[in-house]
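Taken in sequence, the protein lines are chains R and H.
Residues in the first sequence are numbered consecutively from 1, following our numbering.
Residues in the second sequence are numbered consecutively from 374, following our numbering.
Just so you know, the hints here were simulated from the structure itself, not pulled from any lab data.
Since the structure is predicted, the reported quantities are computational estimates derived from the model, not experimental observations.
Quick reminder that beta carbons are idealized off the backbone N, C-alpha and C, glycines included.
Some hints here could point you the wrong way.
[As the list claims (entries may be wrong)] Here are the computed distance ranges between Cβ atoms for each label pair:
(1) Asp-108/R x Asp-526/H: 55 to 63 Å
(2) Asp-524/H x Ser-248/R: 54 to 62 Å
(3) Asp-524/H x Asp-247/R: 54 to 62 Å
(4) Glu-87/R x Ala-743/H: 47 to 55 Å
(5) Ala-715/H x Gly-204/R: 51 to 59 Å
(6) Asp-526/H x Gly-204/R: 31 to 39 Å
(7) Gly-204/R x Glu-786/H: 26 to 34 Å
(8) Pro-93/R x Thr-525/H: 46 to 54 Å
(9) Thr-520/H x Gln-28/R: 37 to 45 Å
(10) Thr-415/H x Thr-359/R: 34 to 42 Å
(11) Ser-248/R x Gln-744/H: 57 to 65 Å
[To be verified] Stretch-level coverage of chain H by chain R, calculated; a stretch enters the list once three of its residues show a Cβ under 8 Å from a Cβ in chain R:
(12) 441 to 454
(13) 597 to 608
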Amino acid sequence: MSRRLTGLILVTALTACGPNEPDDYPEQLSEWELMEISDGPDGSRQLVLAGDVVPYELATPLFSDYAQKLRTIRFPEDAPARYREDEPLAFPPGTVISKTFYYPRHADGSLQLTASTAAGVGDHSLDLSDTALIETRLLVRESDGWTALPYVWNAEQNEATLRIQGDIRPLAGMDETGQTHAFHYLVPNRNECGSCHITDERSGKLRLIGPTARQLNAVFEHRNGASTQLQHWAEQGWLTGLPDDPDSIPSVPVWGPSATDRTEERARAWLDINCGHCHRPDGPADNSGLFLHAAETSMARLGRCKPPVAAGRGTGGNRFSLQPGAPEQSILYHRIASTEPDVMMPELGRSLVQQEALTLISRWIAELPGACP
Amino acid sequence: MNTKERSPSPRHQSWRVSTWLSLALLIGAGLASCGPGNRVVTVEDVSNNLQLALLDARPGDIIELPAGTFAFDRGLTLTVDDITLRGAGMDETILDFSGQVSGAEGLLVTASDFTIEDIGIEDTRGDALKVRDGERIIIRRVRTEWTNGPDTDNGAYGIYPVQTRHTLIEDSVAIGASDAGIYVGQSENVIVRGNRASLNVAGIEIENTVGADVLDNVATDNTGGILVFNMPNLPMEGHSTRVFGNQVIGNNTMNFAPPGTAVSSVPPGSGIIINSNDGVEIFDNDIAGNNTGNILVSSYFSVGYSPREATEVFDPYPEGIFIHDNRFGPAGQLPGRPELEALKTALFGANGRLPDILWDGIVNPERTAAQPPVCVREEQAQVLNMDAGNDGANARVAVEEHACQFDALPIIELPHV
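Looking at chain H on its own, in the form it has when it is part of the complex:
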């Protein structure tokens, strides 16, 4: 062994002194007046300096970006808690990733107490904004967009919090994602409100998430407007989502998802889809012009979702679904799947249309509750039980058997908003 004294940082002390000197010169008297408040860091030459600012950030910092379009060739990452990243507007401050050669996201945040506001993120290779494993997240007036419109080569998700807790996504815009524009995965206690999602495969998707309010959004021109899904083989199963006060209009874009993804099974023309999720309340929405159906309720095993192996603990049956007091416009006249078209023609004629609510009719064979798994309280809308478990042998319009209700789900409250 050597006998030399050694510390990990050989010139630790001298370097620290020079660092403090240069910092003191740079920020002047501010250093002396240390007190409560947040440091505001304004980034110039954003393309070259934003990543450095994110690396050098201290908790509490507000990082401000000026107006302009700024190109990046690699994904950005933030791991520091309690940071606000703020631009001059979702159409004014644009992070342009069209030349990206590295990174599976545009901006990847793994931190808590993160707020992003007034920024546009364009043309990332993969996901645009991913926030993973954080609490108390705010995504406000952010636009994620693939500017070429629907394309299978676009990135998967626009706004993508996953494994988060207490998350607010509001007044944001998501366009052109080849999977979901706004995708909340494996999270708890979420509010998605006042956003606009268009030209995505799935406009807004809540997946394996517990406790979500999806309200006052506009989902239009997607393949499917708003999806509430559970997928098997994941650490958590979702339940308790309220979808209310949304405009879910004309989601008829052809499905451009990469084959093999779950949403590649979404029929074009789907308004709201519930798949394998429990405790979903859908009310006070305007749902119209969706050519397959305004609301689809299905189990994991039906409506053409590719056959998949689920773990034994996975519950594939949607239960506790309560649909009430929505306003429906014409829909279902041009189903986006051959077997649905055939069903429509058989039951309602070539010029007819499918009812507003489509249910695959597959019930857990072990279910003992007297209450049906899907309750409907609507003045006009009908339910089509597709009897998918028996190849549609007893497909029928069902009204009375869904005349029931579930208790209202609790309102989501966020501690940080």
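So that you can see chain R by itself, here it is in the shape it has in the complex:
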């Protein structure tokens, strides 16, 4: 704390109240005992999850500059999460969710920018010999709500340190076509965490985005075989209230760069997880009148022939969010294709274009029927 306050002078000549809410969280990630760095028998270094930490995956995740994500959850003892059909599962106080962002390296040491995933829920360890750990974000469920804590990995790759002010890391990587990209990787500060996770402006509280029934309702390999994560969690006693009829549980298609079917479903799933946390009726982008969350049913509110409101340069000279049949004349496409800070969407958390998503959204818009006036 004293280090963090260097440069801030608290003038105490006034009758000042002391801070009433110190950030009493561990400075080091290791203190959470979620994972540890260890040397394997062959000398290779491993990130190994603690025994009570459960890795999980989302069917269609948020894009973060091609970073791979190791997601884990630690359930509190004897307090299972509760199933909810549309909202994120209700997790009890004591739950700790982690997301570790990392890149596999090419043989030449450059970072791999690839759409395919490296780890699965069956993996309780991560080989670090050809991996760059960037950051681990925690969401901690306290009795009064969630708290976001960004930890940044050190150069030695053996510890991560709490950095509530976030960071910008200049990185370089190579995509699958061999093209190199230099980019600014953003570690969000605590407020920037909220820019996505405060999805309900009225409550002002952090909410989960990923762990919804629909995102977890896909079959994955895990230690005890293969089933949906929801079933697995229910069997382990970590989840209550799961409907008996699996067909009554919502699902989204599994994200995959090579998939070509179910264009609309995959496009809506991608929009929901990448955009819907802000573009929803109670979200911070409601002033745009554009709603991209999964529950939206109106094509007008999804942007069909919808003029911009305060998009500024974000329009790219286009008149409508979605111009049916014409992706490149659609503002939505233009903003997904941009990397300029005031044009691109999402506004935060990427400085590269997700080409696979652009292809998907392009196909979706191209298939929309009709025309705008």
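We have chain R; now place chain H onto it with these hints.
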């Protein structure tokens, strides 16, 4: 399941103790004398520490910045209520975002009871100062500027409160925005006074806002000086804006807005524009030297605004517009749109000029009120009814048909000022 006892913060207690110890060392006896008053936090090494100060702020804090120019590579955010952020002057304490690589704003505030004073914000990639979803906001002596002058690549908005309630913007300066210098969107109960807006596309824009007083401002060298707009498909529709005591002079800068934006349709040379808004009172202004027209009143469907689909509930017709007791100088001699130039030549000759007040003449076909939607009480100014709904077939100077008045709108009062 594991059997180990666990709390979310494993070393909660020991860490809390060390935190309090270090804090107590840092701020000394101040901690003990806890009473009414505000903590003053002076930020040194502003580029590195301002965001941390905003994150660590407690309600009631006054965060002070020294004079100097401070560079940032990412946008700043504040979410804590009841914070005052104060510099040493809008030309002395400068937040420089010319190297910004992340963030759609320079400073984004989502909090209530926020005051910002005496700070300059320069060259942000997107909006300079955005305040969203807060109440009792004060923006005072703040300068937002793109230092390269008009450029389509400049950020959209300079001073940008949106979805706020009880908002004061005063004695501030906005220069070079590629949309609006001062833009109040979807807000309630607003005063915009004593500001200067120049070299923006729109100098000052009040949009989808209920209850705004725009007074004593100077809007000059913008594409359009002061705009009162309603846009469709938004959560709230605006009405009740008073525009008075302003200097709206020589707004003839070419339109450099990105194509596709609403203001890209603003003709260069526009003084005050009312579009689709209701209950607007324009009085006691000095309006001159605007080459298209001093005052333009239009519906959503006319004067070249790109054809747009509106929801059925949207009211595109300006109504209850009352223009009176302004002072007009020469204007309208060089309309910034070909069809207006043609109209001018046809009605007033090549060397003539358009009247001070231009109305598109489009009236809601379902309107039953006897009163016309636009009333004018001016000694000299004339109204040109452009009859835009009929391609100008019956365009005419109209005086008598606007000789009417509406009740004065209420004065805006702010509970926190």
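Asp-524/H paired with Asp-247/R, Cβ distance criterion 54 to 62 Å: holds, 56 Å
Ser-248/R and Asp-524/H - C-beta distance against the hinted 54 to 62 Å: The hinted range 54 to 62 Å holds for Asp-524/H and Ser-248/R, with Cβ atoms some 55 Å apart.
Residues of the stretch 441 to 454 of chain H with Cβ under 8 Å from chain R, three needed, outcome: Answer holds; 6 residues pass the 8 Å Cβ test.
Ala-743/H and Glu-87/R - C-beta distance against the hinted 47 to 55 Å: Holds - the Cβ-Cβ distance for Glu-87/R and Ala-743/H, about 53 Å, lies within 47 to 55 Å.
Pro-93/R versus Thr-525/H beta-carbon gap, inside 46 to 54 Å or not: holds, 51 Å
Beta-carbon spacing of Asp-526/H to Gly-204/R - inside the hinted bounds 31 to 39 Å or not: This hint holds: roughly 34 Å between Cβ atoms.
Beta-carbon spacing of Thr-520/H to Gln-28/R - inside the hinted bounds 37 to 45 Å or not: Because 43 Å falls inside the window, the suggested range holds.
Gln-744/H and Ser-248/R - C-beta distance against the hinted 57 to 65 Å: holds, 59 Å
Range hint 26 to 34 Å (beta carbons of Gly-204/R and Glu-786/H) holds or violated: The hint (26 to 34 Å, Cβ to Cβ) holds, given that Gly-204/R and Glu-786/H are roughly 27 Å apart.
Proximity test - 8 Å, beta-carbon atoms, the stretch 597 to 608 of chain H to chain R, at least three hits: Coverage by chain R holds for the stretch 597 to 608 of chain H (5 residues, Cβ < 8 Å).
Range hint 55 to 63 Å (beta carbons of Asp-108/R and Asp-526/H) holds or violated: Hint violated: Cβ distance 36 Å, outside 55 to 63 Å.
Range agreement (Cβ of Thr-359/R with Cβ of Thr-415/H, hint 34 to 42 Å): violated, 51 Å
Hints 1, 10 from the earlier list are contradicted by this structure; the remaining hints agree with it.
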